[in-house]
Amino acid sequence: MQALRINGTKNSPSVTFDLTNNLFMIGGTSRPENAVAFYAPAIKWLSDLEAWVDKNTEELKPMIFNFNFEYINSVSVKILFDIFKLLQQINTKSKNIEVNWYFKKGDVDMKETGEEYQKLLTIPFSVITEEIKS
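Reminder that position 80 of the sequence shown reads as 71 in the numbering used here, one-by-one numbering, no gaps.
Heads up, a few of these hints could be off.
[Unchecked claim] Taking lysine-lysine and the DSS-like style, the derived pairs with C-alpha atoms no more than 25 Å apart in a straight line are: (1) K110 <-> K86; (2) K95 <-> K69; (3) K95 <-> K1; (4) K110 <-> K95; (5) K84 <-> K46; (6) K102 <-> K69; (7) K76 <-> K52; (8) K84 <-> K69; (9) K110 <-> K84; (10) K96 <-> K52; (11) K96 <-> K46; (12) K102 <-> K1; (13) K95 <-> K52; (14) K76 <-> K110; (15) K46 <-> K76; (16) K110 <-> K96; (17) K86 <-> K35; (18) K102 <-> K76; (19) K96 <-> K1; (20) K69 <-> K35; (21) K86 <-> K52; (22) K52 <-> K35; (23) K69 <-> K52; (24) K86 <-> K76; (25) K35 <-> K76; (26) K84 <-> K95; (27) K69 <-> K1; (28) K1 <-> K35; (29) K84 <-> K35.
I should point out that these hints are in silico values taken from the structure, not numbers from a laboratory.
Because the structure is a prediction, the values reported are computed rather than measured.
Sequences are here, hints too, so could you generate the full structure?
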């Protein structure tokens, strides 16, 4: 599968989904003007991954999806939940996907957002404090 790479901006996160190098992450600020359009390539890539998994189960390595946001708006929260549900659906077939939700120490809102996702999903989902480097 071809990798998906989207460079982040001041309003949109960076996205890297790279099966060849086993690198999966979304991070930064997520308040794009049109969140549905922004996240459409990521959702398409994950849909393609689901079809790929159906045909390549013997080739699968563990896939850890890392999410590390400084800020996410309410529309992005909803779309991310759709992404997590898609990952959960893929994981029912592959049993090899984990999600890490990183938040900066002291960022209660981002921690609680991760914990809400964690409660609503059955996929392995970790909420991890990221220490701020001085």
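Hint by hint, here is what the structure shows:
{"no.": "1", "hint": "K110 <-> K86", "verdict": "holds (19 Å)"}
{"no.": "2", "hint": "K95 <-> K69", "verdict": "holds (21 Å)"}
{"no.": "3", "hint": "K95 <-> K1", "verdict": "holds (18 Å)"}
{"no.": "4", "hint": "K110 <-> K95", "verdict": "holds (20 Å)"}
{"no.": "5", "hint": "K84 <-> K46", "verdict": "holds (11 Å)"}
{"no.": "6", "hint": "K102 <-> K69", "verdict": "holds (16 Å)"}
{"no.": "7", "hint": "K76 <-> K52", "verdict": "holds (20 Å)"}
{"no.": "8", "hint": "K84 <-> K69", "verdict": "holds (24 Å)"}
{"no.": "9", "hint": "K110 <-> K84", "verdict": "holds (21 Å)"}
{"no.": "10", "hint": "K96 <-> K52", "verdict": "violated (31 Å)"}
{"no.": "11", "hint": "K96 <-> K46", "verdict": "violated (41 Å)"}
{"no.": "12", "hint": "K102 <-> K1", "verdict": "holds (21 Å)"}
{"no.": "13", "hint": "K95 <-> K52", "verdict": "violated (29 Å)"}
{"no.": "14", "hint": "K76 <-> K110", "verdict": "holds (12 Å)"}
{"no.": "15", "hint": "K46 <-> K76", "verdict": "holds (20 Å)"}
{"no.": "16", "hint": "K110 <-> K96", "verdict": "holds (20 Å)"}
{"no.": "17", "hint": "K86 <-> K35", "verdict": "holds (20 Å)"}
{"no.": "18", "hint": "K102 <-> K76", "verdict": "holds (19 Å)"}
{"no.": "19", "hint": "K96 <-> K1", "verdict": "holds (22 Å)"}
{"no.": "20", "hint": "K69 <-> K35", "verdict": "holds (16 Å)"}
{"no.": "21", "hint": "K86 <-> K52", "verdict": "holds (10 Å)"}
{"no.": "22", "hint": "K52 <-> K35", "verdict": "holds (21 Å)"}
{"no.": "23", "hint": "K69 <-> K52", "verdict": "violated (28 Å)"}
{"no.": "24", "hint": "K86 <-> K76", "verdict": "holds (14 Å)"}
{"no.": "25", "hint": "K35 <-> K76", "verdict": "holds (14 Å)"}
{"no.": "26", "hint": "K84 <-> K95", "verdict": "violated (32 Å)"}
{"no.": "27", "hint": "K69 <-> K1", "verdict": "holds (20 Å)"}
{"no.": "28", "hint": "K1 <-> K35", "verdict": "holds (23 Å)"}
{"no.": "29", "hint": "K84 <-> K35", "verdict": "holds (18 Å)"}
This entry does not satisfy hints 10, 11, 13, 23, 26, going by the numbered hints stated previously.
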